[in-house]
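**Student:** All chains should be modelled from the sequences, with the hints used to inform the complete structure.
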Amino acid sequence: MTCIEPLQPEDVHDPELAALIGRCRRLGVPDAVFPGILAHVPAYAKALLNAMLLSHTGGGVDHRLKEIIRIQLTRRSGDAYFAGLRSVEALKNGLDEATIKNGCDDYERSPRFSEAEKWALRYADQMYMNPASVDADFYAGLKQHYSEAQIMELGAFIALHYGMQVFMRTLGTPGEQ
Amino acid sequence: MTEAQIDDGIANYQASPRWSDAEKLALRYSELMATNPEAIGPAFYGELRRCYSEPEIVELGSFIGFNIGYHTFFGTLKFYPMFAPDGRLVSQAESARIYGEAPASLAANEDAGT
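Quick note, the sequences are listed as chains A and B, same order. Anchor point for the first sequence: position 22 equals 22 in our numbering, and the numbering is continuous, going up by one each time. Anchor point for the second sequence: position 70 equals 247 in our numbering, and the numbering is continuous, going up by one each time.
Worth flagging that the hints you see were computed from the coordinates, not collected in a lab.
Subject to a maximum C-alpha distance of 30 Å in a straight line, what follows is the list of computed DSS-like cross-link-like pairs (lysine-lysine):
hint: 1; chain 1: A; residue 1: Lys143; chain 2: B; residue 2: Lys255
hint: 2; chain 1: B; residue 1: Lys201; chain 2: A; residue 2: Lys46
hint: 3; chain 1: A; residue 1: Lys118; chain 2: B; residue 2: Lys255
hint: 4; chain 1: A; residue 1: Lys101; chain 2: A; residue 2: Lys118
hint: 5; chain 1: A; residue 1: Lys118; chain 2: A; residue 2: Lys143
hint: 6; chain 1: A; residue 1: Lys92; chain 2: A; residue 2: Lys118
hint: 7; chain 1: A; residue 1: Lys92; chain 2: A; residue 2: Lys46
hint: 8; chain 1: A; residue 1: Lys101; chain 2: A; residue 2: Lys143
Over 12 Å on every C-beta distance to chain A, these chain B residues come out as not near it, computed from the model:
hint: 9; residue: Arg195
hint: 10; residue: Ala199
hint: 11; residue: Cys228
hint: 12; residue: Phe260
Glycine is no exception: its CB is placed at the ideal position from the N, C-alpha and C atoms.
**Tutor:** What follows is the structure, encoded as structure tokens:
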């Protein structure tokens, strides 16, 4: 169980929030647990869940790549809950566990990823492991493959999802004592 | 809120008489989540509950997590304050000249050895 119990769907009375929780559940990331915890503060829950869904599924960077990045980030945050979730949409569009594992463990040498995808995976990998290495030269490398809008999309996605993983890690993993 | 209070809340909150026990616990929540999240478990949440409601804890926790994520991202972008100390709107080049090559927040981290 988690240190803060998630609200159950019947306890969420704000229709906008209930609809967002439904969208999360259909995507699979996050499932009902994290939104149910955030739902203790409905205004925060709506803002954060909206941002999490938009940054994960919208924009101009492939959703499957962002799904690998999100899972890779759980290695840094140490959060088992988000590590175990999978985007239904990404899986439906061909993402498989072997590619996810490769993207988390050995993307630099992997033939599965293009140079652009490796830069995005490196961006997430370095952001919290060695942020000093993400400098002007690093951004120049990113700009060879991505527009500035796409770089901001990736950076904001990485920052938001990592931050929520760090918070969730402290709350514990659902189902564990 | 003064700069002295902010500095005290960052560097000296545990020993400081400025902060209530509830405020010290919130500051500790933030510090641990950034530096030692494994130290935050059921016992720590039990302590938080003595001072805060569950909605207040979720508010604090999500706010802290959000800031942990974004401050590191912003740090990689190396941007500078938009305003000079006298309140003028300045360019990034002028702001860098005013505030120094390293942004103040990063300089503070380097001073603290993090």
